[in-house]
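Protein chains in written order, with this note's numbering: chain U, 1 to 176; chain F, 1 to 153.
Calculated directly from the structure, the hints in this document are not laboratory data. Computed from a prediction, not measured in an experiment: that's the story for all the values here. Backbone N, C-alpha and C define an ideal beta-carbon position, used for all residues, glycine too. Keep in mind that the hints are not guaranteed to be accurate.
[Stated by the list, open to error] Below, a list of computed lysine-lysine pairs in the DSS-like style, where the Cα atoms sit at most 27 Å apart: (1) U/K109 - U/K47; (2) U/K25 - F/K99; (3) U/K91 - U/K38; (4) F/K3 - U/K38; (5) U/K53 - U/K2; (6) U/K91 - U/K53; (7) U/K91 - U/K109; (8) F/K72 - U/K101; (9) U/K63 - U/K146; (10) U/K153 - U/K47; (11) F/K99 - U/K153; (12) U/K38 - U/K109.
[As the list claims (entries may be wrong)] Not close to chain U: a few residues of chain F, all C-beta gaps over 12 Å, as computed: (13) F6; (14) D28; (15) D90; (16) L105; (17) M107; (18) F122; (19) V123; (20) A132; (21) F135.
[Unchecked claim] Quick list of the computed label-pair ranges, beta carbon to beta carbon: (22) U/K53 - F/L98: 22 to 28 Å; (23) U/L170 - F/L120: 51 to 57 Å; (24) F/L120 - U/I14: 22 to 28 Å; (25) U/E49 - F/L98: 33 to 39 Å; (26) U/R128 - F/F6: 52 to 58 Å; (27) U/L24 - F/Q75: 36 to 42 Å; (28) U/L24 - F/M130: 17 to 23 Å; (29) F/R127 - U/I14: 25 to 31 Å; (30) U/V75 - F/I61: 19 to 25 Å; (31) F/Q75 - U/L170: 35 to 41 Å; (32) F/V121 - U/V162: 48 to 54 Å; (33) U/V162 - F/K72: 38 to 44 Å; (34) F/I61 - U/I149: 45 to 51 Å; (35) F/E32 - U/V162: 41 to 47 Å.
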Amino acid sequence: MKHLRFLLPLGLFIGLVFFLAVGLKLDPKEVPSPLINKASPNFSLTKLEDNNKIIRRDDLLGKVWMLNVWASWCVACRQEHPLLLEFSKQKMLPIYGLDYKDERIAGLKWLSNFGNPYDSSLFDQDGRVGIDWGVYGVPETFIMDKQGIVRFKHIGPLTPDVIRTRIEPLVRQLNA
Amino acid sequence: MLKFAFTLCLALLAIFTHAKEALPASEDPALEARMLSITSELRCLVCQNQTIADSHAGLAIDLRDQVRSMLKSGQSNEQILNYMTARYGDFILYRPPLKNSTFVLWMGPLILLLTGFGVLVFVLRRRNRMPAENFEPEEMEFTEDPDSSTRTF
Numbered sequence: 001m002k003h004l005r006f007l008l009p010l011g012l013f014i015g016l017v018f019f020l021a022v023g024l025k026l027d028p029k030e031v032p033s034p035l036i037n038k039a040s041p042n043f044s045l046t047k048l049e050d051n052n053k054i055i056r057r058d059d060l061l062g063k064v065w066m067l068n069v070w071a072s073w074c075v076a077c078r079q080e081h082p083l084l085l086e087f088s089k090q091k092m093l094p095i096y097g098l099d100y101k102d103e104r105i106a107g108l109k110w111l112s113n114f115g116n117p118y119d120s121s122l123f124d125q126d127g128r129v130g131i132d133w134g135v136y137g138v139p140e141t142f143i144m145d146k147q148g149i150v151r152f153k154h155i156g157p158l159t160p161d162v163i164r165t166r167i168e169p170l171v172r173q174l175n176a
Numbered sequence: 001m002l003k004f005a006f007t008l009c010l011a012l013l014a015i016f017t018h019a020k021e022a023l024p025a026s027e028d029p030a031l032e033a034r035m036l037s038i039t040s041e042l043r044c045l046v047c048q049n050q051t052i053a054d055s056h057a058g059l060a061i062d063l064r065d066q067v068r069s070m071l072k073s074g075q076s077n078e079q080i081l082n083y084m085t086a087r088y089g090d091f092i093l094y095r096p097p098l099k100n101s102t103f104v105l106w107m108g109p110l111i112l113l114l115t116g117f118g119v120l121v122f123v124l125r126r127r128n129r130m131p132a133e134n135f136e137p138e139e140m141e142f143t144e145d146p147d148s149s150t151r152t153f
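Please put together the full structure from these sequences, using the hints given.
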């Protein structure tokens, strides 16, 4: 055993490399949401497209639905948008937008320019509902189950991989 | 002459202007101080190395307003911190609470210190048991090394 002691620094080095490699893979921007598996926050907001119509949290109970936080000033949302449009054509689940800290006209114009994947968009002008949902990096995407429990959150632009490997299986499972 | 009168009039207009002190950020300095002491404990999630008190990010400004209005409505510091962690998780706290998931974070340094101390004690005790000649200065090896003559320096 004694003659193997010279391997000890190598072993320590490999251990160190392992921890550093894991550290590289972690993204400090992805903060785990405390909302997962908790009841979704309450809200009552006007529709972006009609300031007389109000949508409340409880209106959406009973179906699996997606909330996508976006804004006309958000560059990464533009990047994500074609993918979301494509996904919305599948009609897999209702997609609601949360137009976060935006102007109504700018938001509407953005949707008419780039296409509207949303069943409807909630208009959160002062960002208070965004705070309740713990939004800090637009775009963000949440999925709620039929009981209104938050089951999934993605921070940053959606990717085809996230939709295929996380969202689609989850929605199928929640709808089963 | 006309020019002079005009200049005089302009100069006299200055009577009606006066400099004011910069307005405080809030009407209530005590509330503002409490707000700053709370938000300097909170991490700004948009720019992660700043506190919410320091940051100019839009979200940080909103959250400072939120803290102000919660303080105005008489909520305690603890209630406000609970409000923040319910939305953004423990990550928002610069001083995370001690629980199972943060045990290594809090106790890791202590464990490392104790391990180091244990190793030190072990080594010292082993040395204590060694015969004294182990501690005689060794003769310089390379002077006896037969290969040393072949070295090129």
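Taking the hints in turn, this is what the structure says about them:
{"no.": "1", "hint": "U/K109 - U/K47", "result": "holds (15 Å)"}
{"no.": "2", "hint": "U/K25 - F/K99", "result": "holds (24 Å)"}
{"no.": "3", "hint": "U/K91 - U/K38", "result": "holds (26 Å)"}
{"no.": "4", "hint": "F/K3 - U/K38", "result": "violated (76 Å)"}
{"no.": "5", "hint": "U/K53 - U/K2", "result": "violated (78 Å)"}
{"no.": "6", "hint": "U/K91 - U/K53", "result": "holds (23 Å)"}
{"no.": "7", "hint": "U/K91 - U/K109", "result": "holds (24 Å)"}
{"no.": "8", "hint": "F/K72 - U/K101", "result": "holds (24 Å)"}
{"no.": "9", "hint": "U/K63 - U/K146", "result": "holds (4 Å)"}
{"no.": "10", "hint": "U/K153 - U/K47", "result": "holds (22 Å)"}
{"no.": "11", "hint": "F/K99 - U/K153", "result": "holds (24 Å)"}
{"no.": "12", "hint": "U/K38 - U/K109", "result": "violated (34 Å)"}
{"no.": "13", "hint": "F6", "result": "holds (45 Å)"}
{"no.": "14", "hint": "D28", "result": "holds (22 Å)"}
{"no.": "15", "hint": "D90", "result": "violated (8 Å)"}
{"no.": "16", "hint": "L105", "result": "holds (14 Å)"}
{"no.": "17", "hint": "M107", "result": "holds (17 Å)"}
{"no.": "18", "hint": "F122", "result": "holds (15 Å)"}
{"no.": "19", "hint": "V123", "result": "holds (14 Å)"}
{"no.": "20", "hint": "A132", "result": "holds (23 Å)"}
{"no.": "21", "hint": "F135", "result": "holds (21 Å)"}
{"no.": "22", "hint": "U/K53 - F/L98: 22 to 28 Å", "result": "violated (47 Å)"}
{"no.": "23", "hint": "U/L170 - F/L120: 51 to 57 Å", "result": "holds (52 Å)"}
{"no.": "24", "hint": "F/L120 - U/I14: 22 to 28 Å", "result": "holds (25 Å)"}
{"no.": "25", "hint": "U/E49 - F/L98: 33 to 39 Å", "result": "violated (48 Å)"}
{"no.": "26", "hint": "U/R128 - F/F6: 52 to 58 Å", "result": "holds (53 Å)"}
{"no.": "27", "hint": "U/L24 - F/Q75: 36 to 42 Å", "result": "holds (41 Å)"}
{"no.": "28", "hint": "U/L24 - F/M130: 17 to 23 Å", "result": "violated (44 Å)"}
{"no.": "29", "hint": "F/R127 - U/I14: 25 to 31 Å", "result": "holds (29 Å)"}
{"no.": "30", "hint": "U/V75 - F/I61: 19 to 25 Å", "result": "holds (20 Å)"}
{"no.": "31", "hint": "F/Q75 - U/L170: 35 to 41 Å", "result": "holds (36 Å)"}
{"no.": "32", "hint": "F/V121 - U/V162: 48 to 54 Å", "result": "holds (52 Å)"}
{"no.": "33", "hint": "U/V162 - F/K72: 38 to 44 Å", "result": "holds (41 Å)"}
{"no.": "34", "hint": "F/I61 - U/I149: 45 to 51 Å", "result": "violated (31 Å)"}
{"no.": "35", "hint": "F/E32 - U/V162: 41 to 47 Å", "result": "holds (42 Å)"}
Hint check: violations occur at hints 4, 5, 12, 15, 22, 25, 28 and 34; the rest are consistent with the structure.
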